[in-house]
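S.K.: With this note's numbering, the residue at position 126 of the sequence shown is 833, and numbering never jumps.
Just so you know, these hints were derived from the structure itself, not from any lab.
Any given hint could turn out to be false.
What the hints assert, rightly or not - Straight-line C-alpha distance at most 20 angstroms; calculated PhoX-like pairs for lysine-lysine: (1) K823 <-> K729; (2) K767 <-> K777; (3) K713 <-> K760; (4) K734 <-> K823; (5) K858 <-> K845; (6) K863 <-> K823; (7) K734 <-> K829; (8) K863 <-> K818; (9) K826 <-> K777; (10) K845 <-> K829; (11) K713 <-> K734; (12) K845 <-> K863; (13) K829 <-> K858.
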Amino acid sequence: MVVTFKLLGAGAINCRVQYLLKWKGYKEEESTWEPEENLDCEELIRTFEDNRKEKEAKAKKAEEQNRSKKRRRDSSEDTSVTGRKGRGTSVSSLEDHKEPKSKREREDKGKSGFDKGLKAEKIIGASDATGELMFLVKWADSDEAELVPAKIANVKCPQQVIAFYEERLTWHTPVESE
């Protein structure tokens, strides 16, 4: 029996929840993606989900605070810019400059890490649960990882693909009989 030691991540593939599992007695590089229905570790899943929700709530709160600070800063910039006659930029042109950034942020959410210009640091897992081979790519300078089709990873980060396979390569030698 193989024992789950730790949940490293979660995601949805074809509308099915899957978890990245670290198996007891195995290296983190040997972690695998498993569908939720195949798992028998409810307490571990519950703890993982509670922690994830807590982190998301903290991140959302921090984002709201940053947005609030930015609004206050922007409003003070608006008054100082429009307070001078003929030298400043109009408020409407300031807003024009801000709009593309938020639009870009919305567009980035649908893009893959490669589309955002991120570099693959390492491939930390693989799954073919969808019928297509997917690699879990850890991005450089980020804590994020993303499932990427192998066809894309083979082109965009071939050295990491090779390293992934080399780390898992084992040689089986036949036992010689006496």
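S.K.: Hint by hint, which ones does the structure fall short of?
M.R.: 1, 4 and 9
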